[in-house]
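Visitor: Each chain is listed here by its residues.
Protein chains: 4
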Amino acid sequence: MKTFKPRVLVFIASPRKYGSAAQLAQIAVKGVLDAGGEVELIYLYDYVIKPCIGCVSDNVKYCKYPCIISDDDFNKLAEQVVKSNGLIFSTPVYWYSPAGVLKNLIDRFTSLENAIFHGSRSLLEGKVAGFIAVGADSGVLMTIAYLMSVMNSMGVIIPPWSMAYTHITNPLEDENALRDAYNVGYLLVETIKALKSYGVHIGYKPDVNIRELVELVKDYMSRVNVEKEQRFKLLENLLNK
Amino acid sequence: MKTFKPRVLVFIASPRKYGSAAQLAQIAVKGVLDAGGEVELIYLYDYVIKPCIGCVSDNVKYCKYPCIISDDDFNKLAEQVVKSNGLIFSTPVYWYSPAGVLKNLIDRFTSLENAIFHGSRSLLEGKVAGFIAVGADSGVLMTIAYLMSVMNSMGVIIPPWSMAYTHITNPLEDENALRDAYNVGYLLVETIKALKSYGVHIGYKPDVNIRELVELVKDYMSRVNVEKEQRFKLLENLLNK
Amino acid sequence: MKTFKPRVLVFIASPRKYGSAAQLAQIAVKGVLDAGGEVELIYLYDYVIKPCIGCVSDNVKYCKYPCIISDDDFNKLAEQVVKSNGLIFSTPVYWYSPAGVLKNLIDRFTSLENAIFHGSRSLLEGKVAGFIAVGADSGVLMTIAYLMSVMNSMGVIIPPWSMAYTHITNPLEDENALRDAYNVGYLLVETIKALKSYGVHIGYKPDVNIRELVELVKDYMSRVNVEKEQRFKLLENLLNK
Amino acid sequence: MKTFKPRVLVFIASPRKYGSAAQLAQIAVKGVLDAGGEVELIYLYDYVIKPCIGCVSDNVKYCKYPCIISDDDFNKLAEQVVKSNGLIFSTPVYWYSPAGVLKNLIDRFTSLENAIFHGSRSLLEGKVAGFIAVGADSGVLMTIAYLMSVMNSMGVIIPPWSMAYTHITNPLEDENALRDAYNVGYLLVETIKALKSYGVHIGYKPDVNIRELVELVKDYMSRVNVEKEQRFKLLENLLNK
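Chains as they are written, first to last, in the numbering used here: chain P, -17 to 223; chain A, -17 to 223; chain C, -17 to 223; chain S, -17 to 223.
These aren't lab readings, by the way, just hints derived from the structure by calculation. It cannot be assumed that every hint is accurate.
Remember, identical chains collapse to one label, so a pair may be satisfied in a single copy or spanning two.
[As the list claims (entries may be wrong)] With a straight-line Cα cutoff of 27 Å, these simulated BS3-like cross-link-like pairs (lysine-lysine) come out:
| id | residue 1 | residue 2 |
| --- | --- | --- |
| 1 | LYS210 | LYS(-16) |
| 2 | LYS200 | LYS210 |
| 3 | LYS(-13) | LYS65 |
| 4 | LYS43 | LYS(-16) |
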């Protein structure tokens, strides 16, 4: 039986292949390989990714995959994303957030997530992501918190400790960053394997019984009504003092 | 054989038990129960949680669990956190971030995470978290992105779609919010079960071979050195034009 | 004639009076004094500031100044805020954001801002603010961006370069941080003096002619309607390809 | 004598000239004009702005104005920025942050700010900025907080209430947004005029006496040393309990 080898894409959003983002990405790759995954490195600056033109704001149905912008490299990259199990984003911090080239990629990911409006699931749902940000100045956490919340709201799972960063120009002098970057890769693959072992796809349940939920809340509200009245009385008293 | 019932704590950081944060928390609870978990609701305003006094800045060893602040309710809550498998935080948005009472709780969580400096693992590692934020104005995403990145950097796993929010005063009028809140609970439990099924704890590997990683990067750097030289030459040319 | 001496409050949100936040605050004080201001230092950990109880969510009229929570130190501090011309916040970074004690203060500032719902102006309108954040780890910018956006949305003006931060444990080794902290104080006072010299209070104009604005936008829309139609046609063509 | 007419650039980062970002920008323009300013509208999607190639990370001297990327429209836009007194950014929210096209512009602004490393001042220092963000979903505040902190750290001044936003698809139905957008323009111009009236440029003072500042802090530290010792003793006692 063929063993399952999680497939991980590593996006490097730096114009400098010799820079810190690329270096720490190499470490994450090692973590991926050690945990039994396979990797493809994508240097975003080798591709043309045009800005999103916001079709979804015109009509939620207008945005679909493949993206209608067809004269650049996005759809080619997106295809690899769809086939992958995990994504690692390694970016320099440009003004406290990801490099513009990565922002353009994320904006275009809308076409993958927006499958939810075409009778399907987000094409990113169930994938697993890790994040690396480097910058001599500040803003690494702002960058990572940003990427993490966006990915999660497209349906992506975040493993524990899924971040590595450094403020030091030469990342080789920052042992914590090396260790963290390794773990970004390692724990990503472990998490993919855990999800696989479960057998069941963990995906958004759209078919919840709204009426039941509304009743449930109304019932709850009737139980806390006394507290509400007491609080209003208390506030009124305090205000009129 | 007894079935594994994931244990989920739901922290409600609103002073209003009848408010939107509490209402959506009820929906998340339903999601937890439907997925086979069990729940404990904690209304943070019923407890006294003093501000963190930052011992860790004096000496990393000074901060440990239980927290040395012993004349409030933190350690009691922390004990429940340690025993739990999952955490849901439901907070009103106070100025684009969690209510101060939840911020104090998070600051005090340092004592749980800081176990890494006492020969142990973060006492939050491997737990799974979900987030609900409500506010008539803006800032729900800023609040969620904040909580998510903090939890993750304490070792917590984030399920897909692990967020629910609303800008509408009466959340019962916001079907998306109801659906999302249900999924926050449901997918949380599913993720806990997936991790359990894997059998192996997914935790930070501190024992990486730093020297090996440094060599690996040096080797990589030698391979991209040509690109570095070409780029510098190009930049110099452009600058001297 | 008595010279105008801008009055600046410096809030230190650290439990450690000997810590970096307090040290850089001293530098900012020097900047304030050199520019001709006067200063009062407030160590927040010397005061009790209870969590906001969110009256504004019950009824926008319920929240007013002085705050109805009267058994703590908030109103005393708020009174000084109202009398001040400028505010400097110096905080350690606790999990990528201000210390909980400062978060509680900010949440309670709602009572000052909410004067807009009592026929008045925000009691913070026209004041000027600066920000200092310190932390060995990351998150200083996330902390400052947070504080800055909140203050601004309460009506506060932000001078140029109104931030100082350091990742270095001993801030005296970080010359940039020293220089920046000095400028936080200096430029704060300069900005207060500039606003004073103008003579006119720069405050929110609530009495705009909404109907006129709506007409203006409708007129604009009629002019771009051709572009809208062209774009929709283009998108439809691309989608049907 | 010719009256001073503040010159304001309004950047619209939406591909939809008929969209909410463009509509609220029109309102802000009205505010600018009413306050006595003059305006130029720039639709960013009409220009090509390539991603920043991060020269500054190679060598701080490599990044200068005009930017070495000369085969796109950045330098033309930058020239107008340099000549302006104020900037308004109106952007749709794409995944909780500015549209990628605006991110690219900001990344390229590095060449203006980086003048500080070429014996000059940031070419943005002393300018005044306002922000508009629109999005049916969440993230408007995250977008504005981001833009505000970046602009400020390039030397830009932020007037009071310098933000407008809406979650409503048709902004004409959101009176608060209309009023706020008007004020973004109006208060921007008022602030520019206040700064002008002061006569003195409010700019970063690089020539601070570092040695004096260090002495000042050392003196402060000697005064709080008792507190430090008491605190350490207290913590040690608590820890050993």
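Visitor: Hint by hint, say whether it matches the structure.
Guide: We went through each hint and held it up to the structure:
no.	hint	in the structure
1	LYS210 - LYS(-16)	neither (60 Å within a copy, 40 Å between copies)
2	LYS200 - LYS210	within (14 Å within a copy, 44 Å between copies)
3	LYS(-13) - LYS65	within (13 Å within a copy, 33 Å between copies)
4	LYS43 - LYS(-16)	neither (40 Å within a copy, 47 Å between copies)
The structure is inconsistent with the numbered hints 1 and 4, although it conforms to all the rest.
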